[in-house]
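Protein chains in written order, with the working numbering: chain H, 6 to 287; chain A, -10 to 293; chain Z, 435 to 691.
Hints listed in this document are in silico derivations from the structure and should not be mistaken for laboratory results. One or more hints might be untrue.
Said to hold, decoys possible - Straight-line alpha carbon distances no greater than 30 Å define the calculated DSS-like cross-link-like pairs of lysine-lysine that follow: (1) H:Lys282 to Z:Lys680; (2) H:Lys183 to A:Lys178; (3) Z:Lys501 to A:Lys11.
What the hints assert, rightly or not - Interface residues of chain A toward chain H, partial, derived using beta-carbon atoms under 7 Å: (4) Phe36; (5) Asp62; (6) Leu112; (7) Ile239; (8) Phe240.
None of the values given here were measured: they were computed from a predicted structure. For glycine and all other residues, C-beta sits at the position ideal for the given N, C-alpha and C.
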Amino acid sequence: MEAKRRELVPFALLWGAGIATLVILIVILAYILANGLPVISWHFLTGEPALWGQTGGGIYSTIVATLAVTGISLLVAAPLSVGGAIYLNEYTKKTPLRKIISQAAEILAGIPSIIVGLFGFLFFVIYLAPLTGGWSMISGGLTLAFMVLPISLRTSEEALKTVPAELREGSLGLGATKWQSITTVVLPTALPGIITGLILGVGRAVGETAAILLTAGGSLNLIQSLRDPGRPMTLNIYDVLTEYRDTSTAYGTAAVLVIAILAITLITDWLMNNYSKKLKGL
Amino acid sequence: MISIKPNRAGRSLRRSATQDIKGRAIELLLLLCGISSVCAIFLIIIFIFAEGLPFLIQAGPNFLISSVWQPTDNFADGLWGIFPIIIGSLLVTVGAVAIGMPLGVACAIFLAEIAPAPVRRILVPSVNALAGVPSVVYGFFGLLVVVPWIRGQFGGFGTSVLASWLILFIMILPTIISISTDSIRAVPKEFKEGSLAIGATHWQTIRSVLVPAASSGIIASVILGMGRAIGETMAVLMVAGNSITIPNSIFAPTSTLTAQIALEMGYATGAHREALFAMGIVLFAFIMILTGLANLASRRRIAY
Amino acid sequence: MNNASETSVEISVKNLNLWFGKFQALKNISIDIQKNQVTALIGPSGCGKSTFIKTLDRMNDLVDNVKVTGEVVYQGRNILDSDTDVVELRKQIGMVFQKPNPFPKSIFDNVAYGPRVHGVRKKQNLDEVVERSLKAAALWEEVKDRLNESALRLSGGQQQRLCIARLLAVEPDVLLMDEPASALDPIATSKIEDLIYELKNDYTIIIVTHNMQQAARVATNTAFFYLGELVEYAPTIDLFERPQDKRTEDYVTGKFG
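From just these sequences and the hints, can you work out the full model?
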């Protein structure tokens, strides 16, 4: 009985930790949404930004900029990460090359965004200026690809690992070539996991600011081409807050981002649940 | 009984050259994809070091020890000491971890051992959601809620070391929680069953068996959290105060390597810009040390 | 010892040796597999039976550190040669595994998988192949109304028959079966044995089994493997009732294994 009582305190603390974490999330989300949702309107989402110093503008150009850099980063990172994961998992065994690539991806994942931004600035904005247009959506997107790549590489590799060996043996035993086995059996089976990884990568790209700060240019004008500079939503929050203290636009943009993140979380959660069910044949 | 017998005549068993070439080409293509991450790292290192290393060498150890920072675009005219900035980075990191580690590990234990399934179903996505919130939104929240609160309670500007701690710990929570949870879950069942079978209580089992067994993973998660904290830019930029002095209290402002780089890149030229890259190298060095430590920690498993 | 009843030889194995690293798993195996008959491979666990049949369709290539010497002659060539088209080989010599491994796809897509990867596209042709294969595997009646359901919903025995149907759809000559019924209940097992008995008229079948009664029920010839060696190879009845080698006798009378 005495032991049971002494157990209460640690258990209460542990429950407290779990609840506290939940509360922190709820407080932050509630605060942003409470102040931000009222700002969101059709005009807000589709209108042009207000002139310098004024409030009440829209964030359309920032939404487009976010889509542009995210799209470019995904376009580059997705094939590289999925292809790399396929190579690691299907074509190598315990060779040193595999370890090198894995380690490299891990290190890449840990590099702070500001450093990736510094690199992006030197490489894409300055060095490759003729190709990228200097400060531009292309420079921003390509820089972001460096950050999306390690995430989707790791998750794609995990997804491929969960495909049981018997499936590969089965398809090879029926006379399929290795590549046929991969495309018709292994990839389709691992697809939900791979897509989850890509979506997580998208989430990272959408939420990234420091690297964008140094490569995308920051112009509020609606981009006409991918070589134009632009200001994605995250950068906009920072700019409007620090330049003109425009809290309402900041709230609205933050609310949009938060909703996007929540949607991503729910979708990936649902996808992963579905995936494990599919493997069991339910 | 249906029989299916094919006509095998003419189906050669000799290897086809075109199939071979196709297979090799595909493998090569995939190899290139895999190497891309290695290339990425090399590119980053080469460019950053090319820009910052000459400056670092020119500035010498004074760069790291001196406390006077007066950059200009001409090396000779400027004063290049980033000691307070380094201290700032370390300070905000240590504090964030001091708060985040106990809460994170406790939450991980909760998730791995105690939480009933419905609670887990809510909490795990919530941790993922916390991980997904953009850093600028955290900074935004910090600037509009935490900073005024500190200002009201403790005076000063509010943008401070404390504000950085309070926001940063939240940002590193998901890292610590998810990796620690996995580590605790990975402890073989036999350990737990063995402990309970000799009459230990659940908590005693957790405290004396599970957590020590998972300790290498937990430590690795904390070190990774440190890496995240020291590499965080936007949130710190918005709540730390950006003052290049060594803070004399937790309510005083400070600056970090990340924030300083972000702030000054916008207008830095010449030697000033190179100095910022040099700061990037210093930051990179810290990250490498932390990553190395994390790897060491996760390799030192209790042999079982 | 080789007294097996002969019709004509489908696969002729000569002096086959195989090493996993330093460990020699197959020692100088020579055996002629007869066409359109069922040949059973029996013996205690770990003595090379599975390794042997995996050599016949080059599935051992998937394992690290394997070294093979000797000849396996099929269709007039040594399939162990490096210029053998392994992909085509596996269409002609197919394998069913111990644990059924249907793809997480529909029943239809599982059976149509082989033909599809080999270029058959037209829906009509695929429908026909799928129906024929499922009928040949004695599964058609049970699944004809639910071809689009996930194959993973089938029972163990049905899944194994599905794997056989999948194999038949690529129209092989030789079927290799590695303990195909060991994961199944007795009723499902007997269905598989009936199926094997029917199939032997058109296919050469090699079946690895732990179950001596099973070998006695379905196989014309039986080979006894022990510690990587082919000890004795004879018509099944002879092997069981009049074993020539002491080791064979000990095994079939249950003294070990």
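Status of each hint after checking the structure:
This hinted pair does not check out: H:Lys282 and Z:Lys680 have alpha carbons roughly 52 Å apart, beyond 30 Å. With a C-alpha separation of about 38 Å, the suggested pair H:Lys183 and A:Lys178 falls outside the 30 Å cut-off, and the hint is violated. Distance hint between Z:Lys501 and A:Lys11 is fulfilled; the C-alpha atoms sit about 26 Å from each other, no more than 30 Å. Annotation: A:Phe36 was flagged as interfacial toward chain H, and the flag holds, the nearest CB pair being 5 Å apart, inside 7 Å.
The restraint placing A:Asp62 at the interface with chain H is violated, with a minimum CB-CB distance near 16 Å, outside the 7 Å limit. At a threshold of 7 Å, the smallest CB-CB gap from A:Leu112 to chain H is about 6 Å, leaving the interface hint in force. With a cut of 7 Å, the hint placing A:Ile239 at the interface with chain H is violated, because the nearest CB-to-CB distance is about 20 Å. Checking A:Phe240 against chain H by beta carbon gives a least distance of about 22 Å; that is not within 7 Å, so the hint is violated.
The structure shown violates the earlier hints numbered 1, 2, 5, 7, 8.
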